[in-house]
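Engineer: Work out the full structure: start from the sequences and follow the hints.
In order, the protein sequences belong to chains A and B. Quick note on the working numbering: the first sequence kicks off at 1 and runs consecutively. Quick note on the working numbering: the second sequence kicks off at 1 and runs consecutively.
Hints in this document: simulated from the structure, not taken from any laboratory. Each hint should be verified, as a subset may be incorrect.
Copies of the same chain look alike in the list, so a pair counts if it works inside one copy or between any two.
Unchecked claim - Simulated pairs of lysine-lysine, BS3-like, Cα-Cα distance not exceeding 25 Å:
| id | residue 1 | residue 2 |
| --- | --- | --- |
| 1 | 27 | 101 |
| 2 | 65 | 112 |
| 3 | 101 | 111 |
| 4 | 98 | 27 |
| 5 | 77 | 98 |
| 6 | 77 | 101 |
| 7 | 111 | 98 |
| 8 | 101 | 85 |
| 9 | 65 | 78 |
| 10 | 78 | 112 |
| 11 | 77 | 112 |
Protein chains: 2
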Amino acid sequence: MNFRPPAPIFLQIAEHIIQLIISGDWKEGDRIPSVRDFATDVEVNPNTVVRTYNLLSQEGIISNKRGVGYFLNENAKKLSTTYLKKQFINEELPYFIKMMKTLELDFEDLKKEYNEHK
Amino acid sequence: MNFRPPAPIFLQIAEHIIQLIISGDWKEGDRIPSVRDFATDVEVNPNTVVRTYNLLSQEGIISNKRGVGYFLNENAKKLSTTYLKKQFINEELPYFIKMMKTLELDFEDLKKEYNEHK
DNA sequence: AATAGTGTATTAGTATCTTAGTACACTAAT
DNA sequence: ATTAGTGTACTAAGATACTAATACACTATT
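Structural biologist: Have a look at this one:
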């Protein structure tokens, strides 16, 4: 997995998982990969995945049965969307708007710039 | 000054200065605050300002006369705009677009959300 | 009962950023 | 010459995130 420093990896993994949930790749009730398996998948230390799973547990998105594994809660998709939206609106958007003003860009410019550079 | 972790402070200061240059608060040819003064202003360690000034020097935005101070180069404004734009288009925009798709938001939604939450 | 696969916990080490303190060299003004 | 204000350099220490390795407890399966 490709990480963008300096944002903490465990948070980026959390967001990655949330996107999997929102997209429907992971469905409510599903068992999700074990700490060790997922650590291997995304090429990080198991402890880092533990931190991610702890966060998602606190958010009510996943639960675990000791000795068995982690599972998506029934309301996982809704909670995920709410979490991501809140994160986005509060943390990203204000910075983004400020940048647009400074650079005197409007939404049309953004579309253009983005298409040119991808 | 208010920093948003976990982005390195010295980078955030650099961006702050660049915005001062673009806005015209700091003009080309001007002498800028000394390392010590500016460190006091933004309430960080002088060493952190040194890192910021080093970065801006590398970018060709400022120069120093030893024992005298740092000065804005003649093309500081243009270089600043270029730097910030590049940073924005490459680092922020792709992430932002992805987020909009995931959350199924369009630009109108953004305006609305932003106005509601500020 | 034994085994393999789970989550959990602990300790130690590394890297980066930041702070803190100190010292030194250069420049301009006195 | 002296002084105050510059940039520069160095060492040390703290905080956070991440890695690494190991050990232990629980569960399901055999």
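Engineer: So, for every hint listed, does it hold in this structure?
Structural biologist: The hints, checked one at a time:
Taking the closest pair of Cα atoms, residue 27 and residue 101 come within 25 Å of each other only across two copies (19 Å); inside a single copy the shortest separation is 40 Å, beyond that limit. Neither within a single protomer nor between protomers do residue 65 and residue 112 lie at most 25 Å apart by alpha-carbon distance, with minima of 49 Å and 41 Å respectively. Taking the shortest Cα distances, residue 101 and residue 111 sit within 25 Å of each other both inside one copy (16 Å) and across copies (13 Å). In this homomeric assembly, residue 98 and residue 27 come within 25 Å of each other (Cα to Cα) only across copies, at 21 Å, whereas the closest approach inside a single copy is 37 Å.
In this homomeric assembly, residue 77 and residue 98 come within 25 Å of each other (Cα to Cα) only across copies, at 18 Å, whereas the closest approach inside a single copy is 31 Å. In this assembly of identical chains, residue 77 and residue 101 lie within 25 Å of each other by CA distance solely across copies; the values are 16 Å between and 34 Å within a copy. Within a single copy, residue 111 and residue 98 get their C-alpha atoms as close as 17 Å, and across copies as close as 13 Å, so both meet the 25 Å cut-off. In this assembly of identical chains, residue 101 and residue 85 lie within 25 Å of each other by CA distance both inside one copy and across copies; the values are 22 Å within and 12 Å between.
Taking the shortest alpha-carbon separations for residue 65 and residue 78, only the intra-copy value of 22 Å comes in at or below 25 Å, while the best inter-copy value is 58 Å. Within a single copy, residue 78 and residue 112 get their C-alpha atoms only as close as 33 Å, which misses the 25 Å cut-off; across copies the closest is 21 Å, which meets it. For a Cα distance limit of 25 Å, the shortest separation of residue 77 from residue 112 across copies, 23 Å, qualifies, whereas the shortest one inside one copy, 32 Å, does not.
In this structure, only the earlier hint numbered 2 is contradicted, and the remaining ones agree with it.
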